[in-house]
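**Student:** Chain by chain, the residues:
There are 4 protein chains.
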Amino acid sequence: MSSHPAAPALQVSQWFNTETPLDLPALRGRVVALHAFQMLCPGCVLHGVPQAERIHRHFAGEGVVVVGLHTVFEHHEAMQPVSLQAFLHEFRVTHPVGVDAPLAGQRIPATMQAYEMQGTPTLILIDRAGRVRRQHFGQLDDLTVGAEVMRLLCEAR
Amino acid sequence: MSSHPAAPALQVSQWFNTETPLDLPALRGRVVALHAFQMLCPGCVLHGVPQAERIHRHFAGEGVVVVGLHTVFEHHEAMQPVSLQAFLHEFRVTHPVGVDAPLAGQRIPATMQAYEMQGTPTLILIDRAGRVRRQHFGQLDDLTVGAEVMRLLCEAR
Amino acid sequence: MSSHPAAPALQVSQWFNTETPLDLPALRGRVVALHAFQMLCPGCVLHGVPQAERIHRHFAGEGVVVVGLHTVFEHHEAMQPVSLQAFLHEFRVTHPVGVDAPLAGQRIPATMQAYEMQGTPTLILIDRAGRVRRQHFGQLDDLTVGAEVMRLLCEAR
Amino acid sequence: MSSHPAAPALQVSQWFNTETPLDLPALRGRVVALHAFQMLCPGCVLHGVPQAERIHRHFAGEGVVVVGLHTVFEHHEAMQPVSLQAFLHEFRVTHPVGVDAPLAGQRIPATMQAYEMQGTPTLILIDRAGRVRRQHFGQLDDLTVGAEVMRLLCEAR
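Protein chains in written order, with the UniProt record's numbering: chain A, 1 to 157; chain B, 1 to 157; chain C, 1 to 157; chain D, 1 to 157.
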């Protein structure tokens, strides 16, 4: 029995940097760092996105999966997938990134709603059992993130 | 007689952060810092654009005019004016920015061609007589930029 | 049986920021981050010392003990304890710092020799069993340090 | 007639990085950037001293003279000349630095008193006529410093 909620499903309309769509149930047994961002959010461009890429590069060998999620909830026309694709290329983002599925007539996309995120950037750490163990809106320093990811890695499968 | 070339005209298809289009002849007598960038060029986002805004804020009282120029020469679809507008809003760019006029069938826009720019970011300093005194592709440190702008300000009108 | 060497004893001539001398055997059961520095080494002042203080502040609640070690091996006259004390005060170092015991007629102090350190800054991570698990000369990024400290914290006592 | 005060004489007990003592009257006709610091003042180590060195390197060709002044007004025993010398070596300070002359029984050294400085770091800009044109306690950004130095350089001798 656990007080940690199961991580809601990813609802993604388009993927970049991965040949096959990512699905949380298939990642059971691994630690997942889910990073929600918008390509024109300064806190994301300057802090969140590069940090997610650092997590990806540092922990890839230990089986951590970093998933970027483009959660557009403002300036929708300005951040269409064609712009996101160029952004990922120019800023050398190599980890998988999904476009959070837009909902007709709604400002906030589907996955962002399911996780009740407050804005971007948001970092969500999901444990090997598929539970949300940390959800943070804003910036976290690297010492904290490194420690928290490792804490989840240490847990038995 | 001078060895410094006259600054080519600005060819702009759309302006932001100004109610009236900017025109170099009308700025004769003032020092102009022309800053060419692309909204998805990391060197521009991290260095060039914030530096241009610092020049704008620091030297506004001394009559320096900072003009941003969005010179899209790659990923054209990704950096349309609707995206630029959101970028300027989110990154709090307050100085005037023009969209360098696209030329049908050509990758490089009109003003970028006229100045023979090599890429982005490029900083161009134009003196009170309308001549290009400095054109630099890449990054210049603030100490250098502050000194060079002031050197032009010191020249008699 | 382990391939990890037991951490040599701390040989300290003077302590700051602690009322009682620190002794590794007494810290058995806890994770120790031993940080060797010189107060006039730029890599220490700009990177190593502030990182050690961040480790101290972040992990204090989890029982990690951060120990600074002032390993003077050059400019000995310039970095006497009276200068170190002012440095610690001015740079707001709050974790315990010991002066590595000088050896008569030798350039390199006692603990630095025992650990065979190559220079400063050096970060040494000691596990709950008192073994050296990591010894790094130079800079380590915070993501790595946060993860490595947590990995040792996760090990059973 | 001018409202700018004449720069008080430098009172220096020991010089580093110069074979001959520096004297303001002998620098008449040149622009002088006088930078007061303490080697254990974090704002000096992290900001003021590197900025002074940047001014030195950038403007050397234009005849600007950068003079560091070690104005010890606290922790006197900790910042003796032997420590300063090692600091200048390790932090690669190449511009001339003088030790502000201590006054018997007084906490604040002679030149610091004459200029009525409030603390460190302090940057003082002296024009070609030997007058104090700017005296700033704290940090100034590079854009401002570059512009102010150039403004003085532009003035006729």
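Careful: at least some of the hints might be erroneous.
[Claimed, not checked] Now the in silico label distances, taken between C-beta atoms and shown as ranges: (1) B/Q118 with A/P50: 25 to 35 Å; (2) C/T20 with D/R131: 33 to 43 Å; (3) D/H4 with C/L103: 52 to 62 Å; (4) B/R107 with C/H4: 17 to 27 Å.
It should be emphasised that the hints constitute simulated quantities derived from the structure, not laboratory data.
Note that this is a predicted model, so its numbers are computed, not measured.
Built from N, CA and C at the ideal position, the CB exists for glycine as well.
**Student:** Does each hint fit the structure? Answer for all of them.
**Tutor:** Hint check:
For the pair B/Q118 and A/P50, the supplied restraint of 25 to 35 Å holds, since their beta-carbon distance comes to about 26 Å. Checked against the hint of 33 to 43 Å, the pair C/T20 and D/R131 fails, with Cβ atoms roughly 57 Å apart. For D/H4 and C/L103, the Cβ-Cβ distance of about 57 Å falls inside the hinted range of 52 to 62 Å, so the restraint holds. At roughly 59 Å, the beta carbons of B/R107 and C/H4 sit outside the given window of 17 to 27 Å.
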